[in-house]
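There are 2 protein chains.
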Amino acid sequence: MANKKFVYLFGNNKTEGKNSMKDLLGGKGANLAEMANLGIPVPPGFTITTEVCVLYTKNNQYPPGVLDEVNRALQKLEKANNKQFGDPDNPLLLSVRSGAGVSMPGMMDTVLNLGLNDKTVTGLAKKTSNERFAYDSYRRFLTMFSDVVLGIPTENFEKLIEARKEELGVELDTELDTDSLKYLVEKFKSIIKDNTGEEFPQDPRKQLQMAIDAVFNSWNNQRAIKYRRLNNIPDNWGTAVNVQSMVYGNMGEKSGTGVAFTRDPATGEKCFFGEFLTNAQGEDVVAGIRTPQPIEALQDSMPEVYDELVDIYRKLENHFQDMQDIEFTIQEGTLYMLQTRTGKRTAKAALRIAVEMEKEGLIDKETAVSRIEASQIDKVLHPMIDPGAKLDVIATGLPASPGAAVGKVVFTAEDAEEKSKEGKQTILVRTETSPEDIGGMAASEGVLTVRGGMTSHAAVVARGMGKPCVAGCGGITIDIDKKEFTNGNVTVKEGDYVTIDGSTGEVILGEVKLISPELSDELDTILGWADNIRSINVRSNADTPQDAAVAREFGAEGIGLCRTEHMFFGEERIPVVREMIMAESSLERKQALEKLLPMQKEDFTGIFRAMEGYPVTIRLLDPPLHEFLPNHEELTEKLRELKSKGAKQSEIAEVNRLIGGVESLKEVNPMLGHRGCRLGITYPEVYEMQVKAIIEAACDLKKEGVEIVPEIMIPLVSHVNELKVIKETVKSAAQEVMDCNGSTIDYLVGTMIELPRAALTADRIAEEAEFFSFGTNDLTQTTFGFSRDDAGKFLPSYIENNILEQDPFAVLDQEGVGELVKIGIEKGRDTNSKLKIGICGEHGGEPASVKYGHNVGLNYVSCSPFRVPIARLAAAQAVIENKNK
Amino acid sequence: MANKKFVYLFGNNKTEGKNSMKDLLGGKGANLAEMANLGIPVPPGFTITTEVCVLYTKNNQYPPGVLDEVNRALQKLEKANNKQFGDPDNPLLLSVRSGAGVSMPGMMDTVLNLGLNDKTVTGLAKKTSNERFAYDSYRRFLTMFSDVVLGIPTENFEKLIEARKEELGVELDTELDTDSLKYLVEKFKSIIKDNTGEEFPQDPRKQLQMAIDAVFNSWNNQRAIKYRRLNNIPDNWGTAVNVQSMVYGNMGEKSGTGVAFTRDPATGEKCFFGEFLTNAQGEDVVAGIRTPQPIEALQDSMPEVYDELVDIYRKLENHFQDMQDIEFTIQEGTLYMLQTRTGKRTAKAALRIAVEMEKEGLIDKETAVSRIEASQIDKVLHPMIDPGAKLDVIATGLPASPGAAVGKVVFTAEDAEEKSKEGKQTILVRTETSPEDIGGMAASEGVLTVRGGMTSHAAVVARGMGKPCVAGCGGITIDIDKKEFTNGNVTVKEGDYVTIDGSTGEVILGEVKLISPELSDELDTILGWADNIRSINVRSNADTPQDAAVAREFGAEGIGLCRTEHMFFGEERIPVVREMIMAESSLERKQALEKLLPMQKEDFTGIFRAMEGYPVTIRLLDPPLHEFLPNHEELTEKLRELKSKGAKQSEIAEVNRLIGGVESLKEVNPMLGHRGCRLGITYPEVYEMQVKAIIEAACDLKKEGVEIVPEIMIPLVSHVNELKVIKETVKSAAQEVMDCNGSTIDYLVGTMIELPRAALTADRIAEEAEFFSFGTNDLTQTTFGFSRDDAGKFLPSYIENNILEQDPFAVLDQEGVGELVKIGIEKGRDTNSKLKIGICGEHGGEPASVKYGHNVGLNYVSCSPFRVPIARLAAAQAVIENKNK
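Chains G and B supply the protein sequences, listed in that same order.
Just add 70 to the spot in the first sequence (first one is 1) and you have our numbering.
Just add 70 to the spot in the second sequence (first one is 1) and you have our numbering.
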């Protein structure tokens, strides 16, 4: 540790860092060094490494040697500039900036003009022959130092400036005269004294030390922590500190400062795009006090500088092979580059830039593909809120299904359907949704629920429909009688407009302007390239022929999960399903099932047709039967009503019978109850019917010449014997249909791996299963012991307190659940090395999880139709990332 | 395969088998061979191996060569007896008996006198000069062959015998004359013709073939399958067939047959114990048609035979070094041994025999310890139903807590408490119990529930109290309004007597005589030996000072699980607990917790005192908070009542407030919800209070000179960060108390491993945990995805259909859950090789699971107090079994 180098010089004629040292020097420091190495003019300075931040944060003191190194670097800076730090005649002034390994805009803090005090300000005035400039710099320094280092809010100072301008009757800061600035400097120092109880530190070295401390401390300020959490940046990366000689854009009309992008960050168009301000320092551009000019204006006012800047930006884009976001300052006609970094861009621009740079030969296809953030794709596929819109956010829930939607609030599925028939757009607001709400969900623009997580019914169904959904918005309370919901003192009544943003989880009062999605050719191009690179298949979860068609459009290569129970909820089907459930004998049950068979068969025929040539995995009935019965409380209410109305005995008896059914099916923990293959074992006739419907559909299509290999999937297997018993049922039902049709259908029988025991005994299960599909939603529930319906009570506080980095229902927990996936794959392939293995939980469309799936050897992922493009891209990026490791 | 030997001779002068070949020859065949080897007179015969059974069952035909081998063996038998099979003048007759690898009494079938037909019967008559004997044998053969081979029930034949005896005016079978027997033989043959449509097979070889087939087929009859299931005998062991020359106990007054034990199987007393019948064949003794004489009577009637028998039984006991159950036949003064096997015995006898044999020097201590079935210990520790009592079993549930109890039926906990005060014994019958019923459970003799499995609330609490419990008795329906329960057409009203047997799950109408448990010195001796042998510790789960004291009496070496929530249910505590839960601020909650602190502290002081010198593991609050609130439906009912009565607004508001609390705590899957350490994270003040109570109790005791090292255990950890956060809370609360007391207490902070993720990431968790305790109840739930409260809907059919061999909540599932335990131990010890690891689920007292725990390297098991002796014994047996491997 003692021999470590903590400080790296850059600029002048000695640059010790380079671009590849981002982890150590931060993005800003590494890029400053790289620019210096390229011969681009950079004010000399030095970078204190991120390691210092880590050690300082951990031990609450600097590692030995750091301060000496800083002093030595400072001496070199004095030499390079031929100025002395703190010299009243010829003072060296510094900027102190943070710079983490990845760009964290606005999160960390900056101090400019450090080194000024009551004496050096006069030196600066003399040296530049510009007293106004010197005091302008001093008052700026006092403000920033107070804000960043001393924690005194800027508004304290701004108020005084405004008051002074009013006194003088002027509008712009630049119109303040030298005396006013001197007056403000004195005032500012008293504010510091009043707020801190101590005089403003006149000693430049003390200023520097305090500024460096402040930057390191700011690594752990709330904003920074929150930004890291949102962007999955580890807390232990730390930030570097860049100490750099000041240059001045505020030394007159031949000075200025600006920011620019090497391509348009909104559209991706190839053009130099930026703006600058004459006679200003950096923060003036950002603050928007004066309106900056477009960068082209520089061509007229300082043509040589403009040409140099164009040369530099081209050099930088060519060197970094990516669109750059640059900052520069012109000091009395001399150009200095203060920063270059990869420019942020919209999803749309990202696609265009990647495709065009490939065409220009600047990057190859793999690089182009790896440039698109998989999660950004969501944004180009769904309507989004106009970035310029002013939002009255009244609550925030989980971002459960991406995109934004506007509509009038309704509180029941029926109302949503009714309004929809009247041509009205609605947002369906429910405590939680159940399968009975599906019609209403389809009829509404978007869904907002109080309870439930990322894999709740509302979330899963909404994603399947490609509809925005905010789930688990625990802050609001619904009063169903009054038909309103409240959050604190905001009350939203039925018929009021709200806007929801399913990408951020925000609920906004009123009708906000939305931007429609544009499906661009560039997206097709990128996804085409991705398809050529990726090695795993991407399938879709789809329950209807319509879903299947959408999935094909998005490029799904088959269906990885067709949930047959969703077919049970049609208006004309649910009464038959209930008949089946309430049957008092196996015979009665079979009679009801016979009525369901042609309906299921019709669905399968449609899906098979839409997926011609691609595999279709059909999961047999999974949820507990009570999900198909009406709610107990509603039934009791109905009974009470019927009785008080003096209804017929037969009507009352029917409701009583239903209540009896609901009660006998009631479970304490339905998620761990009588569902999945357990139903297939206790009621084999249900699975028999489903298998017959599948094989009959395949036989019919075969007669038309359409060949389908159905993959019949058994849910919730925990022991190989369950699969063994059900496989016998499946095989004999299938054989019966094939014999009847005089036909032979190739089909597979496989299983979900969605319980820890299934993964742990996958070697045994693979003796019977012809394929595996990891149901990572359920597997996450049992591995963590988190019910996805109830986790809303503690999961948010887990994320907030950093106990879990991410919601494991959204992003696969690689350490725990992923370990079971790995064990399952290894054991399964031990028994059958050719075993086809996929994943069909919601994680199948989440980029990090798709990459994990690729790495552990899945054959395919399957996700909701609208996430298929994301999965295609992520699968390709996994290949590229492994290559570049 | 072709070279395999399928048939083994024994007796005469050629014996090919021996005792160690039990797997191949079955118990009976191996022991017959062994007796022949010892020079004990055995009628010659041969054994067809169990392998033949396995192959025959699998392929539905005999492996090639078997039948030839049988024929060759038959020829040798003919030679040895100097008789021919089927010879009308001098016929060889045979017995055909099954004999599996372990004794399966009554399960398999026997045919005697095989080889008789219309011709050989006359030969037998001539040869023995005893026509009556010959026809008596023939009619017996026809009956047994019909029963066993042809499936015609014996009663068909018995009816005719009874009719004939009535005609003749006689009482005993032996009083039937030869003509009557001839008449019966003809009648019997017509019955066979009528029932099968075919003549009785006269060909002896055909008879033999059919009998062998029948024995092999009987391996898979329902009785046999059920017995195997109950006794954990694998289906693929198969049975052997023993074909043996007949000897006759029914040849007159110098003939006879008997069974005997080398020690008293009921008490274990060392004395020759048995009975015999003169002039009878074996089944007469068993059938109880004539009353047999005690074995000593033989001393008078056939003193030489008696002396020979005594010699033989001593030889056999010495040879096999265990109590033997023998069968013999005396044919005209000559003694033949037909069978010897290890004798079944009562638990009491098992203990006495083991201890006495050790004292006699026949066996060593390890053998003595391994002779006791750990599960038998339950029987000597609890009252049991008098084996002679006649039982009117009206329903059967799960054997949830062993022992039997008698009492009047009550339907509420309050009634049980009230009756108890009146000195009346009750059985508490509930749909399911909740923590509020604990008082009533304690006041009743035993508990019967309709719902819930082996680890339901009722089961766990009853076992803890050592009270009999039958749980999950789904056959009965409670009508709480009428205060009665029904099962089919049996109705039991409040106040009616019932008896429950918690060891079998039976519910019996009326007051049955019980036998009180006798705690014998032999048990103490055996357990003392076991303690010296075993290498793992045995602790107890105990929640109160009383439980702790009981646990110590049973030899617990500490407490492995003290469930603090059970302390929250006292009459004066529950209102305070509710105050705490309903608190609207952290301050209000702390105020309620302050009231609870002294109560908890008192409990801990008591427990620590009872366990002085032994470790005490205290689990912080685990269940979801709604368990402490009243039931929702009851509250709604109460509200309705209050309103209709026109109660005060404040009363109504209070109930409404409670309803609000219940609703806000409602969960879809509470088992996977807001409980365990999740509560500790969202409400740290609760754990803080508990830790303070623990440490204060320890400080107080320290002042008295009592040193305690409390082990504080955090439940339901899934991620190391949960433990990390809570450990900080624990440490600072503990420090605060220690500072206050100016004292230092050594304590450990550890965690339950009861979620798959905890086991999978045990290496990470061991960075923070100072000990692990596997909570295998919860771990079983999440590993299988089985809710213990709901599994009753499908688990019974799983066991019945052989999908699972055993209820995984009763016997640890070694393949799945056990794999996680292994992973957890390995990973935990990777991080900390000295990590103390135990198990505190119900499996901690189940013998097979205790042995598994020993084998995977646990330091201790912990179980309910009454199972501690079982665990001590099983832990010792694990050591012995490993040594003998």
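Mixed in with the good hints there might be a few duds.
Copies of one chain are not kept apart here, so a pair can be met inside one copy or by any two copies together.
Unchecked claim - Straight-line Cα separation of at most 30 Å, DSSO-like style, residue types lysine-lysine; simulated pairs:
| id | residue 1 | residue 2 |
| --- | --- | --- |
| 1 | K494 | K897 |
| 2 | K324 | K797 |
| 3 | K435 | K197 |
| 4 | K773 | K460 |
| 5 | K801 | K296 |
| 6 | K708 | K736 |
Derived by calculation from the structure, the hints in this document are not laboratory data.
These numbers were taken from a predicted model, which means no experiment stands behind them.
Quick rundown of the hints versus the structure:
1. In the homo-oligomer, the alpha carbons of K494 and K897 never lie at most 30 Å apart, since the shortest distance is 54 Å inside one protomer and 59 Å across protomers.
2. Taking the shortest Cα distances, K324 and K797 never come within 30 Å of each other, neither inside one copy (83 Å) nor across copies (62 Å).
3. For the homomeric pair K435 and K197, neither the shortest alpha-carbon distance inside one copy (54 Å) nor that between copies (102 Å) is at most 30 Å.
4. For a Cα distance limit of 30 Å, the shortest separation of K773 from K460 qualifies neither inside one copy, at 59 Å, nor across copies, at 67 Å.
5. Within a single copy, K801 and K296 get their C-alpha atoms only as close as 54 Å, which misses the 30 Å cut-off; across copies the closest is 28 Å, which meets it.
6. For the homomeric pair K708 and K736, the shortest alpha-carbon distances inside one copy (19 Å) and between copies (23 Å) are both at most 30 Å.
Going down the numbered hints, you'll see the structure goes against 1, 2, 3 and 4, while the others check out.
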